[in-house]
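2 protein chains.
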Amino acid sequence: MKIIEIKDIEKQLGKEVKLRGWVRNYRKASSKLRFVIFRDGSGELQCVASKPDMGEEAFEKVKQLTVETSLEIIGVPQKHPKFEDKFEFHLKDVNIIGTADEYPIGKKEHGPDFLLSQRHLWLRSRRQNAVLKIRHTVYFAICEYLNNNGFYRFDSPILTPNASEGTTTLFEVPYFDLGSAFLSQSGQLYLEAGIMSLGRVYDFGPVFRAEKSKTRKHLTEFWMMDAEAAFVEHEENMQIQEELIRFIIRTVIRSNKVELEILERDIKQLKKADAPFTIMTHRQVIDMLKAKGVKIGYEDDFGAAEEEMITEDSQVPIFVDRWPKDIKSFYMKRDPKDPELVLGADLIAPEGFGEIIGGSQREDDHDILLGRITKEGYDIKDYQWFLDLRKYGSVPHSGFGIGLERLIQWMSGVRHIREVIPFPRMINRIYP
Amino acid sequence: MKIIEIKDIEKQLGKEVKLRGWVRNYRKASSKLRFVIFRDGSGELQCVASKPDMGEEAFEKVKQLTVETSLEIIGVPQKHPKFEDKFEFHLKDVNIIGTADEYPIGKKEHGPDFLLSQRHLWLRSRRQNAVLKIRHTVYFAICEYLNNNGFYRFDSPILTPNASEGTTTLFEVPYFDLGSAFLSQSGQLYLEAGIMSLGRVYDFGPVFRAEKSKTRKHLTEFWMMDAEAAFVEHEENMQIQEELIRFIIRTVIRSNKVELEILERDIKQLKKADAPFTIMTHRQVIDMLKAKGVKIGYEDDFGAAEEEMITEDSQVPIFVDRWPKDIKSFYMKRDPKDPELVLGADLIAPEGFGEIIGGSQREDDHDILLGRITKEGYDIKDYQWFLDLRKYGSVPHSGFGIGLERLIQWMSGVRHIREVIPFPRMINRIYP
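Protein chains in written order, with our numbering: chain G, 45 to 476; chain L, 45 to 476.
Read the hints as simulated data drawn from the structure, not as lab findings. Owing to the predicted nature of the structure, the values given are computational and were not obtained by experimental measurement. Incorrect hints may have been included.
One copy or two, it doesn't matter: identical chains are merged, so the pair holds either way.
[Claimed, not checked] Computed cross-link-like contacts, DSSO-like style, restricted to lysine-lysine with a CA-CA straight-line distance of at most 27 Å: (1) K59 with K312; (2) K105 with K123; (3) K46 with K130; (4) K425 with K372; (5) K435 with K152; (6) K435 with K62; (7) K95 with K130.
Bound-form chain G, shown alone (with noise of 0.2 Å):
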């Protein structure tokens, strides 16, 4: 007998086929007949039992099944007699092959810590298992444009000696005779060396901010890409963002229908955002912000609230442009029309989920970068090896970093940056 997966379901209607899974739940509808949601890694399947069809020995083990037990189920699938997509399948036989006694989660709403402490066993409910498909649909989506655009993947080191901004917000770890190590938060000085080999170069991989905020919106573990390109200047760069950032978009919708109305996201939105962005420059916001009531300057950054009001009338995600230097970092380079201003952009996602992508043209000039470097007041030893980027052979390029886990809540709708992880890292969590 052919044992096949949920998604192949629609090959082997009116066959004898075996599937195997777990039961996801189960409904008495008489004594004589049963319905259980059986799933695997592939999808949901309804199941019928009728103990005039399956005779009394196969029937009395479908009742005995709980939650959560494993099994092989032997039967016939058929088209739905109501829904047009949807199929149902006429249990023959099952066999158990792992029992679930009292599986913890149940159908009543349990508070978030309950559930966190449960992660490897919540993963499996049907929310969960939803995010996690969307994740890997985006993370491949984002590397699909990068290699179809001349992007070599280049994993920057994690194991760092110095920071590029500050050391409040570090993971220390001890490193044998050498000290210690910090634990990366961005690659981005590592790829700006790979792309004078390469040409073009991102990474992928988990940053760590060990940031002391109590509330339970920031991971301490986290994914990012960041992208770096010789040749690219600040406009280019903000181009393949935006083309980049479509791209995922419609893949997302193309590849997890399913999965999206399972959570109820509202695809219409997400389709409006896959249109030409918006660019205002940081002054242009602050005046709308201001227009708005916000009490705010001009050499203001945004928190949370001001980045959700500032693509509150806008379908498609809004570029920051041109931010005061002061309020960015020492690697940006100037807008030779302003030198009190950076050649960087932020892009803010629609519907309330604030930044997902930083990017910028980098200072490639070796002097002016060291005088930067200096009035930062950092150790120009740490940075020798960046410096030495503009002495032999600079060129102009830019980059750009994306938070993975900020840009899956924004496609799948989930609000919770705790749930489009796998194992979420917070202040006061590491376990399970």
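Given chain G, work out where chain L should sit, using these hints.
For chain L alone, coordinates are given in the frame of chain G:
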């Protein structure tokens, strides 16, 4: 004028175009003729600078070029007069972008310590560039095979509360009020939770080993792919591994012709490995080693020298199957035919490249696993979640882990592990 990359040069033969990149090298042929090897991220190009053709002013600029200077070149690509597949670029003009004075890496032999301290520049060398391109191919060949075979990406955490196999080689990280976290050595245990939701999953990220080994062969940070699949038993697990490795071989040969040539990789040897793999039991391998004069017992693991001997007479990788339980991990399932052995196999590459995969079927019985954890002296509290996976719908399952750098070494033929990762981390090196 069209700006192109070297990889697209064939489509532009005879047309005036512009390219941007760096000087790999140059040679003075006469007072009126110079050759410049130009490179960009996509390849290398021989340029011919002729004073009569270019004019005096442009030729003077060519004379100023030094190794690693960045520049624009303007001219006309032609077929190479001597070599079938090669091209020659007839320079009309050059524009220097960034000069490079006294580039520290020359033609002379440098020691590995010097090169590693210049890693940010060494990356530009022809060999290092080629290895990194092969790394890109290997990474995505693994993903492509798995994605096409029903596996979902499932990122395991790096910050973990406990260790599956001892703590002596773990990096410890102070973690807020929770004491310490440890940097992951493998995501396997977490993947076992993932399969109960998604069926088949894999992670692919950095792992860490605080090995106090003084040799320069070990990286403290390297990349690992762990795959895990529900309802897959030991034999099928090995089949998946064999198919995957053979797919990678074919993909690298197809995608990296130029790079394999630069590295002088013997492709014939690689092609021969794309044939059915050999399976030997651990006991058979010990007998073979004894017959070769090695002093080794039936309960022993292999060192690098033994691994080399195992495949020295084989053109294909060899699975060393069914190991004595005492030298393998607690989570491996016992062989039902001989409870002294586990259903686990390591895959040893030919040509002396050693172990590239470790895999096994996992113990799926709650009580047996509990007994093992107790016997190993581990704290049950740390493993409660892992035990839960056997309590709620346990299923037979198997998995395996690939060390990315080892595999790249084999594919590329590069003997030094420090050259197959962008920024290697070793006991004595975290800079740059």
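Hints, verified against the model:
1. Taking CA atoms no more than 27 Å apart as the test, K59 paired with K312 passes in neither setting, with 38 Å inside one copy and 47 Å between copies.
2. For the identical chains of this complex, K105 and K123 are intra-copy neighbours only, at 25 Å inside a copy versus 75 Å across copies, given an alpha-carbon limit of 27 Å.
3. Taking the shortest Cα distances, K46 and K130 sit within 27 Å of each other inside one copy (21 Å), while across copies they are farther apart (53 Å).
4. In this homomeric assembly, K425 and K372 come within 27 Å of each other (Cα to Cα) only inside a single copy, at 22 Å, whereas the closest approach across copies is 45 Å.
5. Only between protomers do K435 and K152 lie at most 27 Å apart by alpha-carbon distance; the minimum there is 21 Å, versus 63 Å within a single protomer.
6. Within a single copy, K435 and K62 get their C-alpha atoms only as close as 65 Å, which misses the 27 Å cut-off; across copies the closest is 24 Å, which meets it.
7. Taking identical chains as interchangeable, the C-alpha atoms of K95 and K130 lie at most 27 Å apart only when both belong to the same chain, with a minimum of 23 Å there against 75 Å between chains.
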